[in-house]
Every structure is written in C-alpha cells, then in structure tokens.
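Student: If you read the protein sequences in the order shown, they are chains A and B.
Counting from 1, one number per residue, gives the positions in the first sequence under our numbering.
Counting from 672, one number per residue, gives the positions in the second sequence under our numbering.
For the record, the hints were derived by calculation from the structure and aren't laboratory data.
Hints are not guaranteed to be accurate.
[Said to hold, decoys possible] Beyond 12 Å from chain A on every Cβ pair, some chain B residues (computed):
(1) L681
(2) Q682
(3) S692
(4) L693
(5) S696
(6) L699
(7) F701
(8) R708
(9) Y725
(10) F768
(11) P769
(12) A770
(13) A778
(14) G796
[Said to hold, decoys possible] From the structure, some residues in chain B lie toward chain A, with a derived Cβ separation under 8 Å:
(15) L685
(16) A687
(17) F697
(18) S761
A quick note: this is a predicted structure, and the numbers were derived from the prediction, not measured.
Where a beta carbon is used, it is the ideal one built from N, C-alpha and C, also for glycine.
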Amino acid sequence: MRPAAVERTGHASQEIQLSNLTAWLAAFALALTAYASYWGFILGRRDGSAQDYFLGGRATPAWQYVLAATALSVTGWVALGHPGMVFEFGLPFAQSALALVFVPLAGVLFLKRTWMLARRNGARTPGELLGTYYQSELLRLLTLLVALTFAVPFVGMQLSAAGQLVERLTGGHVDRYGAAWILGFVTFVYVYLGGLRGAIGVGALQSVLMLATMAGMGVLAYWLLGGVDPLANSLAALAKATSSNASLLELSGVVQFTAGLGKELPVGGVWTSATILGYGLALLGLQAAPSFVMLGMSARDVRGFAPQQVWGGAVLVGFIGVVFVVVEGLAGRVLVGNGVLADRLHSELLLLLSGTHPALAALLAIGFIAAVQFTAAVCIWTTSAMFAQDFCQRYFAPLADDRSQRIYARTTMAVLFALALGMGTFTPVAQAQLGTLALGFALQLWPAWAGLTRMKWISPAGVNVGLCLGLVAVMLTENVGGTIARFFGFDLPWGRWPWTIHSAGWGIFVNVLSCFLVSIVSNRDEGQQQRDREHEALGATDAMTPRRDVMRPTVWALMLLWFFFALGPGAALGSAFLGAISASQSGMVGGVPALWAWQAVWWAFGVFLIWWLAYKLEFATLPRTRAEVDSERARTEAAYFEELERRRTSVHSAAGAAVTSPARNPQRRGF
Amino acid sequence: MPRAIDDPQLQRHLLATTAWSLLGSFGLAFVSAGFARADIGAGLLGFGFIVAAYVAHIILNRVFRSHFTAGEIALGFVAFVVSASSFVLSWIFVPGFPAASVAIGLAGFAALVSVFVFYTVAVHGVRGSIALIDAARRR
C-alpha cells in the first residue's frame, strides 16, 4: 500500500492529481455543508426563549458535551498549528504540547461549581456570573473583551489558515481568501439557524473528524517514511548531528535571560523550559475561556465533565499530541532531509497522498476544515450571545424581548464573522499579533474563577486589578506591545517573551501577585458577606468528602511535581539525565530520543493525576450534599470504631484464654 | 411540534448520522482507492468501515431501545442497490475490469449482505425474517 514513488511526477499527471483532489475536496465540503445546514435547521426549530437559543436550553446531553468540549479544548489552531510547530522546532516544542494533558485542569477545578452557580443564579453568560458574584461591571466587560479576542483574531487566524490549505491543495484554483470567506459564510448560516444547539450538534461530527485527522496525519507521515526503522535511524542520526539539528531533539536550557525575540535571540532555540512552562500555562487558558465556560453552562448536568476531562482530554487528546503529532512533525522533518517534502507540512503530505488516495487526502483535509469550523462556530456564537446580553441588553435595551435579543446576537455574529475574515484579508499582520493574545488573556481569568468557586478570600478589587495588570503584561510581552509602543513614538527595551518566558507566564505572574496583595487588604468589603453565603451554599451542595480531605495535600504535591518535571526545569534536567544513562548514551532511549520518552512517561502520569482529581477527589463528579457527606463520614467512623472494638475484644479473648487455662495445654506449662 | 433537544430519538438520529458520516466517509475513501488502484487491502478496509458504521447503528438502536426507521431502511436499500448495480455494470461493461476490483466488490457486498442477514435473523428469527419479506411484498 505504500506509494510506489514519492518523487514529483510530470506536469500533466500533476494536473490530473490536483483535479482529482479538488473534486473530492469539493464533494466532501458540500456533504459537510449539507450535513451542517440540515442539523442546524433541525436543532434550531424551537419555540423556546432566547435563553434556549443562547444556551441550548441548558439541555446539552453528556455525550454531546464530551465531544464538543474535547474539540474546543484542541481548536483548529492546535490541530493545524502544533504539527507544524513540531516540524519547525522539533521535540522542544512537543514538550509544551504535554500541556494538552492538563488543559482540562481548569475544567476539573472550576467547571462543576461554575455550572452549579450558574444554575442556581440563572446566569446566562460567564460575564454575568462573574459580574454578579464580584459586583463588578468592569469584570463583566473584561470577560467580554477576552471572548472577543477569541472570536475575532484567534478564529480569524484559523479561517485564514484553512483558506491557505485549500488554496495549496487545489493548486491555486481556489483562492485562499475566497475559501476562507466561503467557510465563514457556511458556518454563519448553520449557526444562525441552530444557535448553540446547532453548533454543538454539528460539532459531534466535526470533533471526531478532527481527532481522526490528527491521528491520520501522523500515520500518513509514518507510512510515507517507511516505518519504525527509518524513523528511528533518522532520529538517531539527527541526535548525533551538528548543533543546529541537535536543538530539534533537546531543550535549549532551563531559561535564558535574553531581551526577547526581535531584540535578542536565545542560543540553541527559543524553547527553553521556561518558554514551555509559559506556553503550557497558556494552553490551560483554553478551558477558562468564556466560550468554553458557556459551553459548560449549556450542559444538562455534570455527568459529562469528568469523562471529557479524563478520557477525552487527558487520555485521547494527550495521546494524539504526544504520539501522532510528534510523529507527523519529526517524520516530516526527515522527509524534508530526504528531499521528499519542501517546506509545508500538511499540504505537502496531503498532496503526496493524493497521488494514490485522493479521496482519503481530501477527507483528511476536511478534518482540518471541520476543526476550524467548529472553533469558529462556538467562539463566535458564544461571544455574540455574551455581547447581546452583557452589553446590548444590559446597557441599552434592558427590556428587550426574546426576538430582539436574537436579532442582537445574530447581527453581532454577522459583524464578528465579517471582522474575523476582513482582518485576515486586509490586515493579516495585525490579526496574527492580536490572535496570539487570546490564550494568554484567557489564562488571566483563572483567579476570577478560583475566587468564584473555591477561594472566597479573593476580593473584587483583587480580581479586577490582577486581571487588568495581567492583560497588560501579556500585551507588553507580545509583539503587539512593541507595535503599540512604536505607535506612541517609543520603543520597548524588551521584545517578545523576554527571558524566554511566554507572555502568558508573565501575565499570570503579575496577575496572581497583584490579586493576592490587593485581596489581602480589601477582602472585607461590603460584598464579602454575600460571597461568604454563596460559598456556604456551594459547600453545602458540593461538600468535601472524607476521601478528599485525606488525599488533597498529596495530589497538590504531585501536581507541582508534574509541572516541574513535565513542563518546567525538570524536563531539561530529566531528559538529559535519561539520555546520559541510556545504554547507547547517544541521547536515545529504546530507539526514540530521550526527550520523547520523557514526554511519554509524564503524559501517563499526567493522565493519572487528572483522573485522580476528577474522580477520586470528586472535583468533576456528581456533587454530594453536606448531609450526604456527613452521613458517610459518620458511617465511616462508626465502621472504623466497630472494627477497632472487634479487634480489641478478640485480642483480649485470646489473651484471657491463654492466661486462665494453661493446664489444658501441657506444652504451655513451662512458661 | 419540534422535538426537545434531549428527545431520545433525536439523540439517536444525531448519533447515527454522526457515525455514518464519519465511518462512511472513510469507507468511501478507501473503497474508491481500492477500485481505482485495484488494491484489495484498501478496498476491503473501506468495506470494513461501512460494516462498522452499520454495526454502530445497530448498537445505537439497542442503547436507545429503538429500531431502524422506515426512512433509514429505504435509504440503506437504495444506497446498496445503486452501489451494487454500479459495481455489476462496471464489471460487465468496462473492458479490462481488474480481477482485484471484482474480488473487492464481491467480498465487500457479500459482507454487507451477511451482516444484514445475520442481524435480521438474530432479531426476528428465521421465520420472522421471511415473514418480513412477505409483509414488505404485501405493502
């Protein structure tokens, strides 16, 4: 089944190959469009309120939530971008992809209680939930701002990337901008018809297509290379090669105190442990993003949370990230060295495949498009709903009826699609700079969610100050910060990611520090009593079980350990140690680079931790009331004391029998 | 009146279309590659995906305590008849139709028929299956 020849064929046969691929691409695209339009129409046929339209009636079944949340935890950006980053930067970048295992961490820690509070208070958007709890209009608007960075530049980047992929696969017959606009329009139509319900319903297929494509591309690259031995031999050769290639397989240190990209390049590559940790933290922002939280709020119950976080997120996505994405990137690198590929990973692999399997190549391409489409649908729809409620209705039309609210949301959605696509067409540089802010911005909401669900001592002032400073820190340590500074006539002394620390890392550091300090001095404000009551009610309905009490310190310690060794400085030290002690001492362990073996080990451990948090510590399982927990605690204690008494009684009985009747046993007369 | 989102039959319908769309697409891709290149492995893998989609649909019916609807049965029969007819006509009229493609078609369609017969007999029994044919003929 391997291609007979992977060298370029003649011009005429290339044209035939391209037209076959284009025909199949068009056929699958039309089928996906028909599918999406059909289900958008079916699921949108409701007579319900605007809330049904915005939140799917808060009735999303568990299985739909699992698929949708898994897809939104990856997004088209990771599906399209990560293999290319591994292709360009090698295993050091793949180390940061380990964070895909812990992407569900925000969901594990916050989502269940967020869902419970939203149900109790009737909140319709994350901004409303946070704004009501903290009594802060600023927080409501900042949440909307974070959502907008996802909806416009972040989604726009992905639509542009999908357009570029289509252009390359069709040999330029379909223009990249046209493809992006068509994709955006199709997405707009079915979300217009079906709302969030339609987006999630169609997302079931888009999610599995995306995952199948990510795995399939890894299999494809591996197949083109020829199997395990060529890959292992090539990687071993890379490991022994010059320093320019060695940086593809090793981290370039723990941290480098450089001024940042654009000012001073780090030696040996940009991906130090510090960069990886910061980038990993940025990925943790995915499930803290307003769009994701709104998806969670639409769930009928919490039954889908734990399965998605453990099996969908940590196991499946983590496995795909550690194995298939890395194989695709590294095998692609080897294929470039062999002269098989030029420089574009996805499109060249698919074009190669199209020579023998055009339908399969088109289907894999559709998987990427489906991933982008789903991300666009959910991010833009939820942002439109938030804008309609948290801005239009809140400040301009408080008496708006259901029909008016739908009009606001749909109009906003049209504007956001136009902005996202327009930026990609006319201002791509600005779009790229703003799009890189999205994940870092979302991470800055962690303290707000922590205060809402677990840490009642975090004050509104602390959250607001921390969030503002965190957002500013993220901007200043990205390219957009330098651009803004130059606009005002001065230059920043640092570039992008100074000290090789990702902007998300800078942001969360500033955020947490300022939030903590401000909260200490301001957490006895007027609203504290109300917040205490909310936490008391939350504690009564999601009580801490005895098991959690005992295991909690151990799990937090293990989690810190994981971050240190998987994403932090321990990764550089540990993988170097592993390579040094390997039998060949060539930096390879079991035929794979030491860093890759290290990633596999910490992926498995990360899965175990997420499982323990979600299930054993019951962070994501069905909540239990305080009465139930107290009853269980009482039963546990009663059983314990009963067993203790039984053992004490049996020991006394045995001792008593031995003392009172030594004559019965002639053997014992001696003592 | 439109059905509620959590209506079990709507959920079953959505799951079934998702399964068929995913597995059927990969099945179609591999079958097409198999016929185009006379590649038995690819062709049979494609039919394997289609059989898997059918089995998934059966499992969904069991989970939701449902059965194949009249529309699904009709769509399945039409798709089967059209594709089988295309295969037979190609075999007859296309000069030099590869033997490997014949093998793919015969094995693949035979597998589909076998799964269908096995399911029908398992659910309705032998007499019941024959009675179904009579019932369909009377309609």
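Student: None of the hints should be skipped; say for each whether it holds.
Tutor: Evaluated hints:
1. In this structure B:L681 is not separated from chain A by more than 12 Å, as the shortest Cβ-Cβ distance comes to only about 8 Å.
2. B:Q682, annotated as away from the interface, has a beta carbon of chain A within 12 Å; the closest lies near 6 Å.
3. Against chain A, the non-interface label of B:S692 is violated: not every CB pair exceeds 12 Å, the least being about 5 Å.
4. The Cβ of B:L693 does not lie farther than 12 Å from every Cβ of chain A; its closest approach is about 5 Å, which violates its non-interface assignment.
5. Its closest Cβ contact with chain A, about 6 Å, brings B:S696 to no more than 12 Å, contrary to its assignment away from the interface.
6. Its beta-carbon lying about 7 Å from the closest one in chain A, B:L699 breaks the requirement of being farther than 12 Å from that chain.
7. Non-interface call for B:F701 relative to chain A: violated, since the shortest CB-CB distance, roughly 7 Å, does not exceed 12 Å.
8. The Cβ of B:R708 sits about 6 Å from the closest Cβ of chain A, inside the 12 Å cut-off, so the non-interface label is violated.
9. With a cut of 12 Å on Cβ distances, B:Y725 stays outside the contact zone with chain A, its closest approach being about 17 Å.
10. Against chain A, the non-interface label of B:F768 holds: every CB pair exceeds 12 Å, the least being about 20 Å.
11. Remark: the non-interface label on B:P769 is consistent with the geometry, its nearest Cβ contact in chain A lying 15 Å away (cut-off 12 Å).
12. Once the 12 Å rule is applied to beta carbons, B:A770 is consistent with being away from chain A; the minimum gap is 18 Å.
13. Every CB of chain A is more than 12 Å from the CB of B:A778 (nearest about 17 Å), matching its label as outside the interface.
14. Under the 12 Å C-beta cut-off, the non-interface status given to B:G796 relative to chain A holds; the minimum distance is some 32 Å.
15. Proximity of B:L685 to chain A holds as hinted, the smallest CB-CB distance being about 6 Å (cut-off 8 Å).
16. For B:A687, the suggested interface contact is broken, since its CB lies about 11 Å from the closest CB of chain A, more than 8 Å.
17. Annotation: interface hint on B:F697 holds; nearest CB of chain A at approximately 7 Å, less than 8 Å.
18. Annotation: interface hint on B:S761 violated; nearest CB of chain A at approximately 17 Å, more than 8 Å.
Of the numbered hints given earlier, the model fails hints 1, 2, 3, 4, 5, 6, 7, 8, 16, 18; all others are met.
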